[in-house]
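Colleague: Just need the whole structure built from these sequences, with the hints factored in.
Top to bottom, those sequences are chains A and B. Per the UniProt record's numbering, residue 1 is the first one in the first sequence, and the count goes up by one each step. Per the UniProt record's numbering, residue 1 is the first one in the second sequence, and the count goes up by one each step.
Do not rely on the hints blindly, as some may be mistaken.
[Claimed, not checked] Taking lysine-lysine and the DSS-like style, the derived pairs with C-alpha atoms no more than 25 angstroms apart in a straight line are:
#, chain 1, residue 1, chain 2, residue 2
1, A, K121, B, K115
2, A, K363, A, K384
3, A, K142, B, K46
4, A, K198, B, K46
5, B, K100, A, K198
6, B, K100, A, K142
Everything labelled a hint here was simulated from the structure, so no lab data went into it.
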Amino acid sequence: MLSRSTACRGAQRAARSQAVRQSQRRGLAAPASGSFQYQSGDAKGVKFASRDFAGPTTTLALVSKAGTRYQPLPGLTEGLANFAFRSTTKRSTLRIVRESELLGAELRAYHTRENLVLEAKFLRDDLPYFVELLGEVASKTKYEPYVYNEEVVPLIHAAHVRFLASPASMAINSAHSLAFHRGLGTPTASASTTPYTKYLDPSTIEYFSKIAFAKPNFAVVANGADHGAMSNWVNEFFDDSPSTVEVEDSKTGSEQTKYHGGEERIAHAGGNAVVIGFPGSSSITGKSYKPEIAVLGSLLGGQSSIKWSPGFSILGNAKVSPSTYTHTTSAIYSDAGLLYTVIKGSAENVAKTAATAVDAIKKIASGEISKEQVTKAKATAKFKELEYGQDVLAGLELTGSGLVHGSKPYQLDEVAKAIDGVSEEALKSAAKSLLENRASVSSVGDLFALPYAEDLGLKV
Amino acid sequence: MRRPWLSRWVKPLAEWYVNAAGYRKLGLRADDLIPEENEVVQLALKRLPPKDAYDRVYRLRRAFQCSVSHQLLPKEQWTKPEEDTPYLTNVITNIESEMKEREDLEAMVVEKRSKNAAGH
Chain A
1 MLSRSTACRG AQRAARSQAV RQSQRRGLAA PASGSFQYQS GDAKGVKFAS
51 RDFAGPTTTL ALVSKAGTRY QPLPGLTEGL ANFAFRSTTK RSTLRIVRES
101 ELLGAELRAY HTRENLVLEA KFLRDDLPYF VELLGEVASK TKYEPYVYNE
151 EVVPLIHAAH VRFLASPASM AINSAHSLAF HRGLGTPTAS ASTTPYTKYL
201 DPSTIEYFSK IAFAKPNFAV VANGADHGAM SNWVNEFFDD SPSTVEVEDS
251 KTGSEQTKYH GGEERIAHAG GNAVVIGFPG SSSITGKSYK PEIAVLGSLL
301 GGQSSIKWSP GFSILGNAKV SPSTYTHTTS AIYSDAGLLY TVIKGSAENV
351 AKTAATAVDA IKKIASGEIS KEQVTKAKAT AKFKELEYGQ DVLAGLELTG
401 SGLVHGSKPY QLDEVAKAID GVSEEALKSA AKSLLENRAS VSSVGDLFAL
451 PYAEDLGLKV
Chain B
1 MRRPWLSRWV KPLAEWYVNA AGYRKLGLRA DDLIPEENEV VQLALKRLPP
51 KDAYDRVYRL RRAFQCSVSH QLLPKEQWTK PEEDTPYLTN VITNIESEMK
101 EREDLEAMVV EKRSKNAAGH
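Modeller: Encoded structure:
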């Protein structure tokens, strides 16, 4: 039998030689962070972006404008995501799985509110194989009824059960639907069984795939691939994708998102969660970009980034008990955003912490925060943004969605610059505008103990 | 067609045989006669579209009734040759090729790429 070290030696050497080649390719005077930027291009109508990140592996993703926001019928996005990497007219599911296993790759398909992402991680040399695979999945998947019944429906059902078991994800989805109604407000998992018992069947999924995988609606993004090679392969393997949407397009979700707000209370025996949401900032590639929202989010915070300390964030210090989970997220979408705080824990603690969260926003609005806190919040926001972008997966999706929506990739450096420029005044006025607008408040759990939004002092 | 003369010669014979087999006189199709007591056919039956599965059960029950009462169906209800389509065989072939592919891949010998193998 081969010993472990022998078996790995080849891979190690390959990795080493790749790394050496990388650094040699860069000239002496070239900046080390140059590869941080994505280069974008267009190959026969397919938008693509790549960055030549030094390293032996590549992450490739097909980002399609087919998230739950854009689905014409409920459940279609989930159906399409679960049909990814199944039998195509050229190879079977099993063959796709075995071939990728032989190449040591990872395949994944998932969706967010706006995007459907097919993703492959593999060794650098295998780029052509996986570009071909993604092209094949996009245009040649067979939407067989028996595959739907045997493999897709159980997965959708599992996601539905998982969704119902988690008060926090129910609360977050409910807050989104209060804030944006249809479109962005559509829940990311089936909230009831209706979507897949009433609306979903293989032929509607196939219809949706023709919209989702038409050339104007997706982008191919690679991290760790040479731009020239990428352009070459994308040019070659996406010929079968339709260059325009050929079927009758419902245009669901493409209208400008409007913020509504409101309150929803759902009884649940499995835990307690309160989500307090406010209109937030769009992505930098969108129209209503407000960097101060990101800073406000990290100022409210809730989770410590340092060990053995509650952290500097206001909620991290103000929460009632250490066992109460608090977290503030600035969710950014292409044309709108939602700044929301999630509070989880026992009902009494959640109720008290929700009240302190609203007090904290009032304090920021009236300027009762120190300069030091603002500086810390800005530094954290900037760090998180850059770290998030460096995290390959998130960066891929953001870049792809930027390309599809505004035909410009998501450039981190610009975001960092914008966050640097946030003043204390801007922060204050942002907090004030939060309280003036209608909030989106969702409480899931023990409704006897959880407060109404009006009791918290919010306008709904 | 490669050998029209052969088809011209054998086809009448085949038609005579199918009629003599008698299943058409009970309103059945050839695919209704496939033994279903094995995993492949059970899976194939599960994969049939709901309408096909319903019609199949109807034909089988009608044939049982005829058989029990020692009668044939009235002539206009006999299966017409153009109705006698291989609706189940297609599914079975698919399943069998799937299983064959799995076995083939199971028996595959994995070799290193020549580029990586050099130097070991």
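Colleague: K363 of chain A and K384 of chain A were given as a pair; does the straight-line alpha-carbon distance stay at or below 25 angstroms?
Modeller: Between K363 of chain A and K384 of chain A the Cα gap is close to 24 angstroms, so the pair holds against 25 angstroms.
Colleague: Straight-line Cα separation of K121 of chain A and K115 of chain B no greater than 25 angstroms?
Modeller: holds (21 angstroms)
Colleague: What's the verdict on K142 of chain A and K46 of chain B, does the C-alpha distance respect the 25 angstroms limit or exceed it?
Modeller: holds (19 angstroms)
Colleague: Need the status of pair K100 of chain B, K198 of chain A: alpha-carbon distance at most 25 angstroms?
Modeller: With a Cα-Cα distance of about 36 angstroms, the restraint between K100 of chain B and K198 of chain A is violated, given a limit of 25 angstroms.
Colleague: Check the hint pairing K100 of chain B with K142 of chain A against an upper bound of 25 angstroms on the C-alpha distance.
Modeller: Satisfied, since the Cα-Cα distance of roughly 20 angstroms is no more than 25 angstroms.
Colleague: Has the given pair, K198 of chain A with K46 of chain B, been kept, meaning a C-alpha gap of at most 25 angstroms?
Modeller: holds (21 angstroms)
Of the numbered hints listed earlier, the single one contradicted by the structure is hint 5.
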